[in-house]
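Participant: Chains as they are written, first to last, in the working numbering: chain W, 1 to 176; chain G, 1 to 386; chain B, 1 to 86; chain C, 1 to 297.
Just so you know, not all the hints are guaranteed correct.
What the hints assert, rightly or not - Each computed DMTMM-like pair below joins lysine to aspartate or glutamate, with the alpha-carbon atoms no more than 25 Å apart:
hint, chain 1, residue 1, chain 2, residue 2
1, W, 56, G, 257
2, C, 83, G, 50
3, W, 157, G, 38
4, W, 57, G, 38
5, B, 18, G, 216
6, C, 90, G, 48
7, G, 185, W, 152
8, C, 3, B, 53
9, G, 385, W, 85
10, G, 286, W, 152
11, G, 223, B, 10
12, W, 164, G, 5
13, W, 155, G, 48
14, C, 263, C, 278
15, W, 56, G, 287
16, C, 86, G, 257
17, C, 87, G, 204
18, C, 95, G, 195
19, C, 90, B, 53
20, W, 57, G, 195
21, B, 33, C, 192
22, C, 87, G, 358
23, W, 88, G, 287
24, W, 56, G, 365
What the hints assert, rightly or not - For each label pair, taking beta carbons as the anchor points, the in silico distance ranges come out as:
hint, chain 1, residue 1, chain 2, residue 2, range
25, B, 81, C, 139, 25 to 33 Å
26, B, 36, C, 177, 42 to 50 Å
27, B, 18, C, 264, 12 to 20 Å
28, B, 85, C, 5, 31 to 39 Å
29, G, 4, W, 160, 18 to 26 Å
30, G, 327, W, 160, 50 to 58 Å
Claimed, not checked - From the derived model, a few chain B residues whose C-beta atoms are all more than 12 Å from chain C:
hint, residue
31, 18
32, 28
33, 32
34, 76
35, 83
Simulated from the structure, these hints should not be mistaken for lab results. Quick reminder that beta carbons are idealized off the backbone N, C-alpha and C, glycines included.
Below, each chain spelled out in residue letters.
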Amino acid sequence: MIEIRFHGRGGQGAVTAAKILAKAAFYDGKYSQGFPFFGVERRGAPVMAFTRIDDKKIVIRSQVYNPDYVVVLDPTLLDAVNVVEGLKEDGVVVVNTTKEELDLGFKTYTIDATGIALDILGVPIVNTTILGAFAGATKLISLESLKRAILDTFKGKLGEKNAKAAEVAYRMISEN
Amino acid sequence: MEKIDVITGTTAAAIGAKLANVEVIAAYPITPQSECVEVLAKFIADGEFDAEYIKVESEHSAMAACIGASATGVRTFTATASQGLALMHEMLYIASGMRLPIVMLNTNRALSAPINIWCDHQDSITERDTGWIQIYAKDNQETLDSIIQAYRIAEDEDILLPVMVCIDGFILTHTVEPVSIPDEKKVRDYLGIYEPKHAYLDPDRPITQGPVGVPECYMETRKHIWDAMERAKKVIKRVNEEYYEIFNRRYGNGLVEGYNLENADTVLVAMGSVCGTIRYVIDKLKEKGKNVGLLRIRTYRPFPKEEIKEMLEGVENVGVLDRNVSFGFNMGALGTEMLATLRDKKICNYIVGLGGRDITPSNIEEIIRHLEKCEDVETKWIGLKE
Amino acid sequence: MVTIGAIIYEPGSTVRNKTGSWRTFRPVLNSEKCIKCEICYIFCPEGAIYEDEKGNFKINYDYCKGCLICSKECPTNAITRIREEK
Amino acid sequence: MDKRFPREELFAPGHRGCAGCGASILVRMALKAAGRDVIVVNSTGCLEVFTTPYPETAWRVPWIHTAFECGGAVAAGIERAIKALKKRGKFKDRKITVMPIIGDGGTADIGLQALSGALERGHDMVYIMYDNEAYMNTGVQRSSATPLFASATTAPPGKRSKGEDRPKKDMPMIAAAHGIPYVATACISYPEDLMKKVKKACEIEGPTFIHVLQPCTVGWGYNPEDTIKIGRLAVETGFFPLYEIEHGEFRITYRPPKRKPLKEYIRMQKRYRHLTDEDIEILQKYVDERCKLLGLE
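Just chain W, with the same shape it has in the complex:
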């Protein structure tokens, strides 16, 4: 079983990201769970969300304490919370940042998801973009399934734009 933790700020779509990832994994033929950290956070506050992926039915219902992957949607969170807390020793981090390199003590991928999102979506909502980067970096889910899950979540033109943002990020990180 693989566990992924998303860090974002309320309103940035971290919960939606966790759910899209769960759906994409399902389209890849896996079992999955996607859920928020059950808090009372409002817009702007640091929030977490989780995805579990497995080849067999997932029955565990506790929260995630030792994730295999961490995805950071907002670079300012790096100063606010310990995003790598509990991360497994061989864990991987994907961070939205303009910096090319980050030393978090773990294998880390960086991507300027905000730049891509602004470019393609016109708004700094990075959840789909960073999912593209996550898929490209980890190859845990296919780009095709990710795009399908995104198109399920956002209807019409908005869906297409989001799928495109994910694809751009996917390719960018895969090429690096």
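Place chains G, B and C on chain W using the hints.
Facilitator: Okay, now just chains G, B and C, sitting in the frame of chain W:
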């Protein structure tokens, strides 16, 4: 054709209500139930579902409106949690007393004070004696299936009792996972249209519903409910099998579900989503050659005494997990009832997961370790901070 | 046998309960003075005043509780009252 | 000759109401006006208790009672169920009137929230508040409809009390504030006016509210034969003006030729017997002011 979608427990319940073709919905939003009524509102707004949706001003009115609608002879649905369920309390007795087959989703949440929006079972356990059938689902699939089954059970002429489908707040309500959605036509064929024979408000056949229950009749009305609850055990089992025949899914025998019970000396008894985490731990222990079983209570009312006795025969260590407490008796409700059911056994009762306190695999392991050492009836709080 | 849900299937079944026994005073309607204004008919809390086939108003003493509203409201004093003797 | 009042009795005799009960008179009139296609909703109270002790019922129309505070919500559920049943072809081309008949306590106090919700949501119903100005079912405790200076068991007169210390809650105006199509007041002493209003309300689509004053022999303290007379005095003194508000338009429906002194009304009732002439003067002034406000000189 069944279609699989990755959805939350609240969405699964809403889809269940839509598939069941409910005709009147009366509901008031409350965390963590809200998504259920939002999804239903959207179905109606989009023209996918032609139900009457009363956006009442309180949960008390939600249940009152469901009672009015059900008494007029239509299939009704509502959903609530916690304070909302508590506000309905008085009306719950009236729904069962009038023998109205209302189905309700309760998204389990702790009761105030202090205010807490997270999961425990205190809200629905508090309503255990209201004459409602209570089903506790373990995952989103079971949530959807149980809503459909609930109508079949509630509307059975031998039963005519309301049914509460309980799912763990946030843990199921806010978690997406793959859920197989039955074909609409198949469900509608299975359930048919609700056409009550015993009571419906109709000027062409004027009856009086909800009269003064004088001492000469009141006790009999209670005995009727008592008997219907007893019959419900059979009906729930039958519906579980019927459902399996048509939709290819079943949940134990409908009342209880065992896991790894064969040759298990130590068995945990629990309700709701924690059973998943227990299974997870059981599988891990099995790899290490340790045999622990799980007995999941699916219907807390009617309480499956006979089945429990049978399934726990020969088991030495019985640990009961309670996501609720009975202050003053200082046990959980399920623990107390297991003690009454298995009078000659050692029962250890564990108070866990109150107000959203996470129940982790290591909590479960701690329980098993304690249970194996424990020599007498004992209640222990697990996961309490020092 | 108590019905399921204590539902009462027989509309108007209180007719079995003869409330005439409650009376202390008995209203007596003098048909000759009656102008058929229907005042007593509409104000009777029991619906105990009825119109017979000939169009005359009568008091049904099975149900009349003897409130005497009819007597009080009758514009022609056609309804007098006598002490009930049992 | 035309009959003045319909002959069909949808409310059976043999009920356990007090001799001279005003609520029974109201129900007979309301059902004569509404006819058979009606579903009655009662909340807990006198009317519910004295008409339905199992296994007998006085009702010849479908009737339901659940609890005290939820008449509006139960009626809402029934109204929507009728809509749903119509989709199935039941009650074709028939207008079934949902008619909550609920006391002042169940309306103005404990049931106000459910009533407000039902009015605001626009359910098609004829809500009748039968007002006997206190909790008569439980022994004459004050409600928010109990008038100023009336005595009640929870507002008794005494050295430091003149009985109820607050004026009556203005329910029809509260109902009207919901912007519903029809609000009216009525009194059982004016049967034609009352029945006309009920009939009108039945025909109107949407929520309607009729506040009916209904004297109570036990709670108010008078001889049973005076039920109608006292109701008439309440109207003729201006204590309880009869009016309607139809689509926002206010209209007095009965204008007494000359308002009688309030004292005539007050002195007939034991619930006011502790009052001095000066106290009655205060009440008279209060009534005068309210009448002026409504354009009833």
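Participant: Hint by hint, note whether the structure agrees.
Facilitator: Hints, verified against the model:
With a C-alpha separation of about 20 Å, the suggested pairing of residue 56 of chain W with residue 257 of chain G holds against the 25 Å cut-off. Using a Cα cut-off of 25 Å, the hinted pair residue 83 of chain C and residue 50 of chain G holds, with the two alpha carbons roughly 11 Å apart. As the CA atoms of residue 157 of chain W and residue 38 of chain G are separated by approximately 24 Å, the hinted pair is consistent with the 25 Å bound. Proximity of residue 57 of chain W to residue 38 of chain G is assessed by CA-CA distance (about 28 Å); at most 25 Å being required, the pair is judged violated.
A C-alpha spacing of about 20 Å is found between residue 18 of chain B and residue 216 of chain G, which places the hinted pair at or below 25 Å, so the restraint holds. Our distance criterion of 25 Å between C-alpha atoms is met by residue 90 of chain C and residue 48 of chain G, whose separation comes to about 23 Å. For the suggested pair residue 185 of chain G and residue 152 of chain W, the alpha carbons sit about 24 Å apart, so the restraint of at most 25 Å is met. The hinted pair formed by residue 3 of chain C and residue 53 of chain B meets the criterion: a straight-line CA distance of about 14 Å does not exceed 25 Å.
Of the supplied pair hints, the one linking residue 385 of chain G and residue 85 of chain W holds, its CA atoms being roughly 20 Å apart against a limit of 25 Å. Only pairs whose Cα atoms come within 25 Å are accepted, and residue 286 of chain G paired with residue 152 of chain W is rejected, the gap being roughly 39 Å. This hinted pair checks out: residue 223 of chain G and residue 10 of chain B have alpha carbons roughly 23 Å apart, not beyond 25 Å. For the suggested pair residue 164 of chain W and residue 5 of chain G, the alpha carbons sit about 23 Å apart, so the restraint of at most 25 Å is met.
Only pairs whose Cα atoms come within 25 Å are accepted, and residue 155 of chain W paired with residue 48 of chain G is accepted, the gap being roughly 17 Å. Between residue 263 of chain C and residue 278 of chain C, the direct Cα distance comes to roughly 11 Å. Compliance with the 25 Å bound is thereby established for this hinted pair. As the CA atoms of residue 56 of chain W and residue 287 of chain G are separated by approximately 16 Å, the hinted pair is consistent with the 25 Å bound. Note on residue 86 of chain C and residue 257 of chain G: the hinted pairing is violated, with a Cα-Cα distance of about 42 Å set against a maximum of 25 Å.
Distance restraint check for residue 87 of chain C and residue 204 of chain G: the Cα-Cα separation of roughly 18 Å lies within the 25 Å cut-off, and the hinted pair is therefore satisfied. Among the hinted pairs, residue 95 of chain C with residue 195 of chain G is consistent with the structure: their alpha-carbon atoms are about 21 Å apart, no more than 25 Å. The suggested pairing of residue 90 of chain C with residue 53 of chain B is violated, with an alpha-carbon distance near 37 Å, which exceeds 25 Å. With a C-alpha separation of about 39 Å, the suggested pair residue 57 of chain W and residue 195 of chain G falls outside the 25 Å cut-off, and the hint is violated.
Restraint check: the Cα-Cα separation between residue 33 of chain B and residue 192 of chain C comes to about 23 Å, which is no more than 25 Å; the hinted pair holds. The hinted pair formed by residue 87 of chain C and residue 358 of chain G fails the criterion: a straight-line CA distance of about 47 Å is larger than 25 Å. For the proposed pair residue 88 of chain W and residue 287 of chain G, the alpha carbon gap of about 22 Å is at most 25 Å, so the pair holds. Only pairs whose Cα atoms come within 25 Å are accepted, and residue 56 of chain W paired with residue 365 of chain G is accepted, the gap being roughly 22 Å.
Between residue 81 of chain B and residue 139 of chain C the beta carbons are some 30 Å apart, a value that agrees with the proposed interval 25 to 33 Å. For the pair residue 36 of chain B and residue 177 of chain C, the beta carbons lie near 44 Å from each other, so the given range of 42 to 50 Å is met. Separated by about 37 Å at the C-beta atoms, residue 18 of chain B and residue 264 of chain C break the suggested range of 12 to 20 Å. Distance hint check: the CB atoms of residue 85 of chain B and residue 5 of chain C are about 33 Å apart, consistent with the given range 31 to 39 Å.
For the pair residue 4 of chain G and residue 160 of chain W, the beta carbons lie near 24 Å from each other, so the given range of 18 to 26 Å is met. Our hint of 50 to 58 Å for residue 327 of chain G and residue 160 of chain W holds, since their Cβ atoms are close to 57 Å apart. The claim that residue 18 of chain B lies off the interface is violated: its Cβ sits roughly 7 Å from the closest Cβ of chain C, which falls inside the 12 Å cut-off. Non-interface call for residue 28 of chain B relative to chain C: holds, since the shortest CB-CB distance, roughly 14 Å, exceeds 12 Å.
Residue placement check: residue 32 of chain B keeps its beta carbon more than 12 Å from all beta carbons of chain C (closest about 18 Å). At roughly 15 Å, the least C-beta separation between residue 76 of chain B and chain C is larger than 12 Å, which holds for a residue marked as non-interface. Interface exclusion of residue 83 of chain B from chain C stands, the closest Cβ pair being 15 Å apart, more than 12 Å.
In this structure, the earlier hints numbered 4, 10, 16, 19, 20, 22, 27 and 31 are contradicted, and the remaining ones agree with it.
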